[in-house]
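Enquirer: Listed below are the residues making up each chain.
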Amino acid sequence: MTSDRFYFRQLLSGRDFATEDSMAAQMANFVYLIGDRNTRDAVVVDPAYGVADILDILDRDDMNLSGVLASHYHSDHVGGSMMGHTIEGVRELLELRGTKIHVQAEEAEMVKKVTEVSDGDLQVHSPGDQILVGDIAIDLLHTPGHTPGSQCFLVEGTLVAGDTLFLEGCGRTDLPGSDPAAMYHSLHHTLANIPDDTVLFPGHRYSFHSSATMGMTREMNYVFKPDSEEQWMMMFGQ
Amino acid sequence: MDDDVRPMSELLSPIVAVDDVAQRDDIIFCDVRWYLDRTPGRRKFHEGHIPGAIFVDLDEHLATLPQKTRGRHPMPAAASFAASMGSLGIGHHDPVVAYDDSGGMSAGRLVWMLRILGHQAALLDGGLGAWPGELETGPRDRQGVDHPIRPWPNQLLADTDEAAEAGMNPDRVLIDSRSPDRYFGDNEPVDPQAGHIPGAINLPFGDNLTNDGRFCPPDELRARFEKAGLVEGDVPVMYCGSGVSACHNLLAFEHAGLGQALLYPGSWSQWSNDNDRPVETS
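If you read the sequences in order, they're chains A and B. Numbering (the working numbering) for the first sequence: 1 to 238. Numbering (the working numbering) for the second sequence: 1 to 282.
None of these hints come from the bench; they were simulated from the model. Note that the structure is predicted; figures quoted are calculated from it, not measured. Among the hints, erroneous ones may be present.
Taking beta-carbon pairs under 8 Å as the criterion, some of the chain A residues facing chain B (in silico) [unchecked claim]:
1. Leu11
2. Gly14
3. Ala212
4. Thr213
Simulated restraints, written as ranges between beta carbons of each label pair [said to hold, decoys possible]:
5. A:Tyr206 - B:Val190: 21 to 31 Å
6. A:Asp174 - B:Glu165: 17 to 27 Å
7. A:Thr19 - B:Ser13: 33 to 43 Å
8. A:Ser228 - B:Leu135: 50 to 60 Å
9. A:Pro195 - B:Tyr35: 30 to 40 Å
10. A:Met235 - B:Leu11: 53 to 63 Å
11. A:Asp174 - B:Pro180: 52 to 62 Å
12. B:Val190 - A:Asp119: 52 to 62 Å
13. B:Pro180 - A:Met235: 44 to 54 Å
14. A:Pro195 - B:Asp234: 52 to 62 Å
15. A:Met23 - B:Arg142: 18 to 28 Å
16. A:Phe208 - B:His93: 23 to 33 Å
The beta-carbon is built from N, C-alpha and C at its ideal position, and this holds for glycine as well.
Next up, chain A with everything else stripped away, as it sits in the complex (with noise of 0.2 Å):
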């Protein structure tokens, strides 16, 4: 059940912020701003492309930027420098508006190199830990398989993915530091227990619509065909 207290928003990167950035609309990140209506704290999932257009937009609303969520290290969602493209993030934020950024334990360093914050703009967190933002809490959910330390947040009934789980597919698990077997553990495990009618918010628009429930999600989307990690090897195994 959602609280009338719970500030939630999913910006478009080229649409909703970066609008003139060309590599923004073609990669369609989407970016969450996620808060407390009542003490006015929020965080930004993702920050990426234009972040002083992702701070206008908090400041218009009236919410105090709190902290970062990394759902991973990639830079289309953290910034920095990677294959050969530079993309503002965190770091630049952080030069705006000094907060931690929250990542697992296991992206900490891979983040650190991607973004070049430093080790004390981290806040390094264990599978399973909860942040308050405000009183609204936000469950930090281990998801390996994208990246080693990829995580999902989930908040009041959402559950802001990242590039683990897309309304159709997943993320990629043929890149470095990618692992298929952990992707099927956290899709068919870790996220088994995520109730049907929790609204999942990928970290991409790649599809027609920019959320569906996990019920549907689970119905529809292929990678929840596979009923073995043997089958899903045979799908996505390298």
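Let chain A serve as the given structure and place chain B on it in line with the hints.
Expert: Structure of chain B alone, referenced to chain A:
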């Protein structure tokens, strides 16, 4: 009650005349044109729309993925709908007036969805054709805004079992809002079986309109429902092909002063895909 809700005197009725809203600068006009033949509504929007209006996509913003087990236009999750409205630039306190070019057939869905969440929303009587001035062309977007998540009021939504029960229970009323040829099963352009849910009465949404495409006055709308056998206090269940044009009847019902009724969102597109459900053609 929120302190910034508009005073009652300014509450929008379900159907509004263009003269009553054209000069109001607080209203967001929403173009909800949609066509069963898949003509893109957004293209029509670009060709000409009410100045300042934004385009709302029935399939994208007002429904989730079509499924045989849920129908062609299932209701989106409350969080999905709130995210869509926010991305379109519609805040919870922004009054909305929606229109299309089909008598309100598709725009009614947005109006009904917003109204059941307590949002000020109305259908523009006469639709796009009623607009007296020049139209604007090209794209038009609003800056996104915060739109709080409000749960759907489940007491206004019927599932398949409740629709079946409403048809069979003599104390309840089930209304099929489609055209008579689809109701009687003489023609079925889109769904796998032809006919209607047993016990449903047929009140085509188009009969809410006069020959010039405007809504009948409230007393005539009321007489129409009463002639069909509804009595004061009845809370019918309404359906159509996919929970869209039934909203036209739901708004007409409210405009007639009869209150709120229930929508069966799955409608015929869900019922007719279930071979275990009986089909009536008389």
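Enquirer: Starting from the hint list further up, note which numbers the structure goes against and sort them upward.
Expert: Failing hints, ascending: 2, 6 and 14.
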